[in-house]
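Visitor: Below, each chain spelled out in residue letters.
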Amino acid sequence: MRRRDLLKLGGLAALGASAAACGGSGSGSGSGGDVELQFMYWGSTFEKAAVERMLKQYQQKHSGVTVKPLYTPDEYDVKLNTLVASNRLPDVGYVPLAMSFRLGEQGKLVNLFPYLKKYPQLAGYLPDAYLWSGQDNLHGVATANEIELLWYSKSAIAAAGVTPPPADAASAWTWDQLVETAYKLTVDQNGKHPDEPGFDPKQIKQFGISSSITYGAAWYGFLRSNGVDFADEAGKKCLLDTPEAIEVFQNLQDLIYKHRVAPGPGQLAATGDDVPGTNILLKTKRVAMVVDGHWSLLDMNESKVDYGIGVLPKYAEPFTSTQVAGASAVFAGGKHEQEAVELFAFHNDPRYVDLFAKGLWMPQEKKYYEDQAAIDSWTKNDLHPPEFRTAVVDYARDHGVPVFGNRVKNMSSISSDVLTPALQEIETGKRPAGEILKAAAPKITSMLQGWQHTQDL
Amino acid sequence: MTAVATPDKTARRGVAPTQGLRRPRRYGRILLYVALLAGSIPTLLPFVWLVRSALMQDAQMFVSPPQWLPSPFQWSNFSEALTTQPFGRYFLNTLVIAVISVLGTVLTCSVAAFSFSRLRWRGRNVVFALLLSGVMLPYAVTLIPTFVMWQQLDAIDTIAPLTVPSWFAGAGGGVFNIFLLRQFFLTIPFELDEAAYIDGASPWRVFWTIVMPLSKPAIIVVTIFTFIGTWNDFLGPLLYLQSEENYTLSLGLASFQSMYLTQWGYLMAASAAVIAPIIALFFFLQRYFIEGVTLTGIKN
Amino acid sequence: MRRLETRWGILMALPAILGFVIFTIGPMVASAFFSLTDWTIGGSPSFTGLDNYTTMVHDELFWKSLGTTTYYTLGAVPLVLIVSFAVAMLLNEKVRGLAVWRTIFYLPTLVPAIANVVLWIWIFNPDFGLLNSLLRQGGLPGSQWIYAESTAIPSLIIMSTWGFGNTMVIFLAGLQGVPRHLYEAVSIDGGGAWRRFWHVTLPMMTPTIFYNLVVGVVGTFQVFNQAYVMTEGGPNHATLFYVYYLFRKAFTESEMGYASALAWTLFMIIMVVTFLMFRNARRWVYYEMAGAR
Numbered sequence: 001m002r003r004r005d006l007l008k009l010g011g012l013a014a015l016g017a018s019a020a021a022c023g024g025s026g027s028g029s030g031s032g033g034d035v036e037l038q039f040m041y042w043g044s045t046f047e048k049a050a051v052e053r054m055l056k057q058y059q060q061k062h063s064g065v066t067v068k069p070l071y072t073p074d075e076y077d078v079k080l081n082t083l084v085a086s087n088r089l090p091d092v093g094y095v096p097l098a099m100s101f102r103l104g105e106q107g108k109l110v111n112l113f114p115y116l117k118k119y120p121q122l123a124g125y126l127p128d129a130y131l132w133s134g135q136d137n138l139h140g141v142a143t144a145n146e147i148e149l150l151w152y153s154k155s156a157i158a159a160a161g162v163t164p165p166p167a168d169a170a171s172a173w174t175w176d177q178l179v180e181t182a183y184k185l186t187v188d189q190n191g192k193h194p195d196e197p198g199f200d201p202k203q204i205k206q207f208g209i210s211s212s213i214t215y216g217a218a219w220y221g222f223l224r225s226n227g228v229d230f231a232d233e234a235g236k237k238c239l240l241d242t243p244e245a246i247e248v249f250q251n252l253q254d255l256i257y258k259h260r261v262a263p264g265p266g267q268l269a270a271t272g273d274d275v276p277g278t279n280i281l282l283k284t285k286r287v288a289m290v291v292d293g294h295w296s297l298l299d300m301n302e303s304k305v306d307y308g309i310g311v312l313p314k315y316a317e318p319f320t321s322t323q324v325a326g327a328s329a330v331f332a333g334g335k336h337e338q339e340a341v342e343l344f345a346f347h348n349d350p351r352y353v354d355l356f357a358k359g360l361w362m363p364q365e366k367k368y369y370e371d372q373a374a375i376d377s378w379t380k381n382d383l384h385p386p387e388f389r390t391a392v393v394d395y396a397r398d399h400g401v402p403v404f405g406n407r408v409k410n411m412s413s414i415s416s417d418v419l420t421p422a423l424q425e426i427e428t429g430k431r432p433a434g435e436i437l438k439a440a441a442p443k444i445t446s447m448l449q450g451w452q453h454t455q456d457l
Numbered sequence: 001m002t003a004v005a006t007p008d009k010t011a012r013r014g015v016a017p018t019q020g021l022r023r024p025r026r027y028g029r030i031l032l033y034v035a036l037l038a039g040s041i042p043t044l045l046p047f048v049w050l051v052r053s054a055l056m057q058d059a060q061m062f063v064s065p066p067q068w069l070p071s072p073f074q075w076s077n078f079s080e081a082l083t084t085q086p087f088g089r090y091f092l093n094t095l096v097i098a099v100i101s102v103l104g105t106v107l108t109c110s111v112a113a114f115s116f117s118r119l120r121w122r123g124r125n126v127v128f129a130l131l132l133s134g135v136m137l138p139y140a141v142t143l144i145p146t147f148v149m150w151q152q153l154d155a156i157d158t159i160a161p162l163t164v165p166s167w168f169a170g171a172g173g174g175v176f177n178i179f180l181l182r183q184f185f186l187t188i189p190f191e192l193d194e195a196a197y198i199d200g201a202s203p204w205r206v207f208w209t210i211v212m213p214l215s216k217p218a219i220i221v222v223t224i225f226t227f228i229g230t231w232n233d234f235l236g237p238l239l240y241l242q243s244e245e246n247y248t249l250s251l252g253l254a255s256f257q258s259m260y261l262t263q264w265g266y267l268m269a270a271s272a273a274v275i276a277p278i279i280a281l282f283f284f285l286q287r288y289f290i291e292g293v294t295l296t297g298i299k300n
Numbered sequence: 001m002r003r004l005e006t007r008w009g010i011l012m013a014l015p016a017i018l019g020f021v022i023f024t025i026g027p028m029v030a031s032a033f034f035s036l037t038d039w040t041i042g043g044s045p046s047f048t049g050l051d052n053y054t055t056m057v058h059d060e061l062f063w064k065s066l067g068t069t070t071y072y073t074l075g076a077v078p079l080v081l082i083v084s085f086a087v088a089m090l091l092n093e094k095v096r097g098l099a100v101w102r103t104i105f106y107l108p109t110l111v112p113a114i115a116n117v118v119l120w121i122w123i124f125n126p127d128f129g130l131l132n133s134l135l136r137q138g139g140l141p142g143s144q145w146i147y148a149e150s151t152a153i154p155s156l157i158i159m160s161t162w163g164f165g166n167t168m169v170i171f172l173a174g175l176q177g178v179p180r181h182l183y184e185a186v187s188i189d190g191g192g193a194w195r196r197f198w199h200v201t202l203p204m205m206t207p208t209i210f211y212n213l214v215v216g217v218v219g220t221f222q223v224f225n226q227a228y229v230m231t232e233g234g235p236n237h238a239t240l241f242y243v244y245y246l247f248r249k250a251f252t253e254s255e256m257g258y259a260s261a262l263a264w265t266l267f268m269i270i271m272v273v274t275f276l277m278f279r280n281a282r283r284w285v286y287y288e289m290a291g292a293r
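Chains as they are written, first to last, in our numbering: chain A, 1 to 457; chain B, 1 to 300; chain C, 1 to 293.
These are computed hints drawn from the structure, not numbers from a lab. Glycine included, every Cβ here is placed at the ideal spot set by N, Cα and C. Hints may contain errors.
Taking lysine-lysine pairs in the BS3-like style, the calculated list, with each CA pair at most 30 Å apart, reads [unchecked claim]:
hint : chain 1 : residue 1 : chain 2 : residue 2
1    : A       : Lys184    : A       : Lys285
2    : A       : Lys366    : A       : Lys380
3    : A       : Lys409    : A       : Lys366
4    : C       : Lys64     : A       : Lys430
5    : A       : Lys154    : A       : Lys285
6    : A       : Lys237    : C       : Lys64
7    : A       : Lys237    : A       : Lys409
8    : A       : Lys184    : A       : Lys430
9    : C       : Lys64     : A       : Lys236
10   : C       : Lys94     : B       : Lys216
11   : A       : Lys438    : C       : Lys64
12   : A       : Lys61     : A       : Lys335
13   : A       : Lys154    : A       : Lys304
14   : A       : Lys184    : A       : Lys258
15   : A       : Lys56     : A       : Lys367
16   : A       : Lys443    : C       : Lys64
17   : A       : Lys61     : A       : Lys358
18   : C       : Lys64     : A       : Lys409
19   : A       : Lys380    : A       : Lys367
20   : A       : Lys358    : A       : Lys154
21   : A       : Lys367    : A       : Lys117
Here are some, though not all, of the chain B residues that point toward chain C, as calculated from beta-carbon distances under 8 Å [claimed, not checked]:
hint : residue
22   : Gly39
23   : Leu44
24   : Ser64
25   : Ala112
26   : Leu137
27   : Thr146
28   : Asn232
29   : Ile278
30   : Ile279
31   : Gln286
Please model the entire structure based on the sequences and the hints provided.
Guide: Given below as structure tokens:
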């Protein structure tokens, strides 16, 4: 649709003016060399405060540039879509990953590839951080790195007298070790474990483990560890119906219904809107161990949980999902592309954003995982426990696999139409995982359009 | 819709505003109160649960089996929740939208209802039937084009898409209001109009000085229905409002939900606080409200 | 005078007529056009004829969402009608504290959709929610409520029944319009409460019941909020409501053309259903005056 400024409703001119002031990529004032940018983002209140501090710093360092934050905590994709439809894109901002590829292909996002030479910092990211919508078309990066970890309550572990989850990949638990420990950590209201007679599965006081079935990032590491991927190398055939994949999902389903050591759907699962966060689960000891993202660290510290961090259990080689985050991008069509790209490079730089040291984000630049001084700059503080180096930094660097959701084409349709419903069915436990996956995989295959483009710099 | 648009004579019969027709025997009365009580418990229980949760610490909410009484009472949930986000601002935004919508709806709907009930012109009934058919139209059909239209008018992120339709008789759902007002207007004796016309009054004058003052109950009903509808609207603000400073309460609450995923005590407190003013408003107006609907007699 | 009336009549109906043209007819026509195009947000529409409609025939989720919505409607509408009719009957009696009772039963209608959803998520939670807590205290097994395929829709039906206030108010209005002399006639004939209900109240209320039925079906077919905020259509598409599916196609997957086709199909379905209801109505809806339909 072409944008036409039809008759504006006269009586609404005042309102329109106030709206125009806070919207529209071309809202820079033009004259006098002043630059006005708009930065659109989501996140918790905490992230909001940090982003505001970052923007303040940026404006201090770049006089003549003002950045307006457009904070949109809810229904981000709907909102961004309406902005695209109405041609009122911000200059820089977060973009839901799947959508970023579509916008990239439509040319709504600035190709950052030509800027890599000019801003060497941008060229130093982890290779998996880059998002390509075609050869030499770099439409964005994942905002920050995130990986999946095994969080646990220290006091729950101590009370059960079991060894805590190992904090380095080399000594990662096998799946059986995880199940065994989970048994010891699960107790009903009468203090009975699931393998004891008289155990009441309806009245469980403390679950051993929670590991989401519906959240891809939570199980992708297991899948890869068992030697299989979401799709084949061409990205045209879904592999979720292979014996290896079925084993992974059957094991997850068994945690709930066979071993009864994990909460069922809606009960206390760790991800989703309608449940308490991992911090509350561990603090109240409703669950002793939880598979959840690194970002939980912030909440753990905020709510003063007595937590520990371990690596995920393994099948063969240990793996965890990385790049479990949204994208950031520069929107096309703005008047000040140069400044926007500068803001883009700035917005997730650990030197200016305290979300890294506070524990919400992990850096995207390689040096923060390799260079000792750089590693210390974000991890040497009270908010990062001693095991953080091996359980997170080394683990992410050496055993990370970028989560499939960012790399499979047509993922949002696949996810909402087939994958999520199938996973929900596994979670409700009415049918074995294999049956469900064998029905779902061909449907996914028919929707697959290959992997997203990747390339070396 | 033919059945909905029924002739006037039955409605004009009027009904005495007293309820209750007969005195049930004693055991019948006891049964009546038992039934009312039994019905009101499930109606009220969710509210009790809301208030109880709003006063709890997060940790206590997740205990199994659940506990009924907060200990300690976490009053700070309210102050914290209401200060972390500009709920005052959201309240004002919502109020502005609601008031503009109510004014527009009441005015344009009653004018139209007057025309459809008390002025005779050719094609009147056809037009009215056509308007009524709009009730059958799912909003989903008009959703996308209406969105595109406002976008072309550059009115996204203004309150125009949320208020302007109400000044055109509230668009789709507004027809219900016209219908309701029309039914009520039909109960007012036509002799009053005729006398005024003989004195040389214009139709507007008849509308404004005779019909409107006699129609307060119906106007209050339309006011309340419109007010509640606007106050609770979620989809409209979700699509059309973008900047945080323009958010309505519903939208603010939804974003609050995303921001405080882990702080359920706050969320419950915020929800309770959002519900409270509208309950208060209703309590004060409910007498007129029920009376209004009753007198209007949404018959056939 | 006649002329004056016509002039004023049209003038005063003008806002409503304009509103109808601008906000109903216009968008309807536009929507019909969009439904014949392939149009993604950010792109421009290209004409594809009836492609969207043929795609729909083979779209499993279209049928699924239609089924889900029908199931929900068949459950929610009768339940709301029965409950609100029963409560309206109670409130039509001379009871003490009528204002308080009325407020209590109308209260749920006042809760904003989002707050409502937040509240019910907590009521339905299998682990620490209100319902399971009550059931277990009564020695009954709990349910998975919205978290299991088989109970998700019934749960949402319960939730919708809670907000029966508006329907109740309209029933109340209808009840008060039942002419007294009819009751007296039955009483004189020696009829009891049951006969009064069966031979006077019910027949006299059929127009109101019919009205609430039509409004209820049309409204319920468009259910959206619960799926959008609460269940996201899950588990396993159990609550994939039609309008939610449409919204997802339009605003998250940005397939505006296909979504418009879905919208038009819904319109036609509702038209057909409404038409059938009206045709059927002749058989059971009682009209006071023959020919005064």
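Visitor: List in ascending order the numbers of the hints, as given earlier, that are violated by the structure.
Guide: The structure breaks none of the hints.
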